[in-house]
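Top line first, the protein sequences correspond to chains A and B.
Residue 260 is where the first sequence starts when you use my numbering, and the numbers rise one by one after that.
Residue 115 is where the second sequence starts when you use my numbering, and the numbers rise one by one after that.
None of these hints come from the bench; they were simulated from the model.
This structure is a prediction, so every number in the text was calculated from the model and none was measured.
Misleading hints may appear alongside valid ones.
To be verified - Here are some, though not all, of the chain A residues that point toward chain B, as calculated from beta-carbon distances under 10 Å: (1) W275; (2) S314; (3) V338; (4) V345; (5) L346; (6) Q347; (7) E350; (8) G360; (9) M457; (10) V461; (11) E481; (12) E491.
Every residue, glycine too, gets a C-beta built ideally from N, C-alpha and C.
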Amino acid sequence: MSQLKWQFTTLVEAKWETPTVKTLVLDAPAWTGHKAGQHVDIRLTAEDGYQAQRSYSIASAPDDKNLSLTVERIEDGEVSPYLTDVLQTGERLELRGPIGGYFVWNSDQKKNNSQPLLLIAGGSGFVPLMAMIRHRANVGDNTPTRVLYSARSDEEIINREELEELASKDSALEIIYTLTRKQPKHWKGYHRRIDRQMIGEVAWTMKDNPLAFICGPTALVESAANLLQEIEYKSENIKTERFGPTGG
Amino acid sequence: MAENFISRGFVSKRRVDDAAHKERIPPGQYETRDFPVLSAGPTPQTQLDRWTFSINGEIAEGLKLTWNEFLQLPSESITVDIHCVTKWTKLDTKWKGVAVETLLEKIDLEGNAEIKHLIAYAKGGYTTNIPLTDVLNKNAWVVYEYDGKPLTPEHGGPARLLVPHLYFWKSAKWIESFKLVKEDRPGFWESAGYHNYGDPWKEQRYAGD
Ligand SMILES: Cc1cc2nc3c(=O)[nH]c(=O)nc-3n(C[C@H](O)[C@H](O)[C@H](O)COP(=O)(O)OP(=O)(O)OC[C@H]3O[C@@H](n4cnc5c(N)ncnc54)[C@H](O)[C@@H]3O)c2cc1C
Chain A
260 MSQLKWQFTT LVEAKWETPT VKTLVLDAPA WTGHKAGQHV DIRLTAEDGY
310 QAQRSYSIAS APDDKNLSLT VERIEDGEVS PYLTDVLQTG ERLELRGPIG
360 GYFVWNSDQK KNNSQPLLLI AGGSGFVPLM AMIRHRANVG DNTPTRVLYS
410 ARSDEEIINR EELEELASKD SALEIIYTLT RKQPKHWKGY HRRIDRQMIG
460 EVAWTMKDNP LAFICGPTAL VESAANLLQE IEYKSENIKT ERFGPTGG
Chain B
115 MAENFISRGF VSKRRVDDAA HKERIPPGQY ETRDFPVLSA GPTPQTQLDR
165 WTFSINGEIA EGLKLTWNEF LQLPSESITV DIHCVTKWTK LDTKWKGVAV
215 ETLLEKIDLE GNAEIKHLIA YAKGGYTTNI PLTDVLNKNA WVVYEYDGKP
265 LTPEHGGPAR LLVPHLYFWK SAKWIESFKL VKEDRPGFWE SAGYHNYGDP
315 WKEQRYAGD
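I would like the entire structure built from these sequences, with the hints used as guidance.
Now the structure itself:
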């Protein structure tokens, strides 16, 4: 296989999604395409030659015009605050990818509807799942899809408008939020961490032959994956990606 | 890249200035003090009375051990640095387990000179391939304690492979068996675009690196 080469991209647009999460839209002339769920490696170089690398999921769908990333600013982080606060439009960003061949979902018209999707996200773990949702919408795939999105508060939900717009036009796409710390007045949805009862209410059952993607901090991924196993999901029905800093 | 590119305004926060320390961090890696968890699927829970470890493959006679039999084997305590392809490096991690060499001594390898590769199989279907020469001479262990305590499931317990000189995906969690084979067979990540060998010092992250 040929090497995944470092390439230059240019920031063409940046948009705050929440008070701490920013989407970076990149012009990537050497990009050769990707699958929803894959990530890139970013490499930053300081004046004295010091380099730092980190992974970021691709937020855009394969069929979108530009490559985009959605980055949460981690207080005191080395790379994420540079991406959200320092990098300006018109400036270059070095990256390589796409990376990862497992946590991916491809719309497959022939197998359409055969495996309903369960997408479970915590915080910025929503990013690769949004790429899947965008891809599904772009190609007009109507695979039954349920999204269970855990955020601390409603301001922290990423891509909320776009997501709800898509769901309003598509009866096969259901979005369920749980707001774990702060809820708006009159909030009727869930307001606790993902638990057994919630999974029982939201998840497809095994007889639906579901495919689950779970992404977020380690603790959320661990607990959601365990809960799915308790309702008889097999490991081949569950794909996980852990962003998390804190090892369990 | 040929051109001297600089990310304007980027300042390091994780730089290691102490030379002895710096020498231990491979290119593109940064030091972490947490122990992050990475796996492609859910964490399996295993009952010790049902746990077994076996060695099989293109060999005349294999081996199968129960948990108690495994604990009877001569063990070693080791302190090593580990390097994950997702960029973190953790220094001085402490483990206890059995050297792979000790396990392979139980197999007649001499009569099987054509065996060149070890394929590690883990619960949940995970596999990873390692050249046999890399796991001999005490470069690899099957460990069951981390930091003086039984290895927890999310870190690969009850027992995982530990091959610290390669990227950490080679250190298969929830190890169940070794298959000894003549021809190499790319494992789970190795078939998904990651490097077949995975030397962190050569930054062999992805196929072609
Ligand atoms: C496959 C993969 C895909 C990823 N995709 C994304 C993505 O789409 N969007 C995104 O924002 N991030 C993503 N991440 C996380 C990202 O790679 C970085 O770890 C994150 O941006 C922190 O880097 P940093 O340099 O800012 O902080 P660092 O300098 O690495 O760490 C600073 C401190 O913050 C802590 N920390 C690190 N990460 C987090 C976190 N996520 N939450 C809270 N504290 C943390 C560390 O333990 C450390 O103490 C992904 C990670 C992986 C492995």
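TODO: Any hints from earlier that this structure breaks? Give me their numbers in increasing order, please.
DONE: Result: hints 1, 9, 10 and 12 break, sorted rising.
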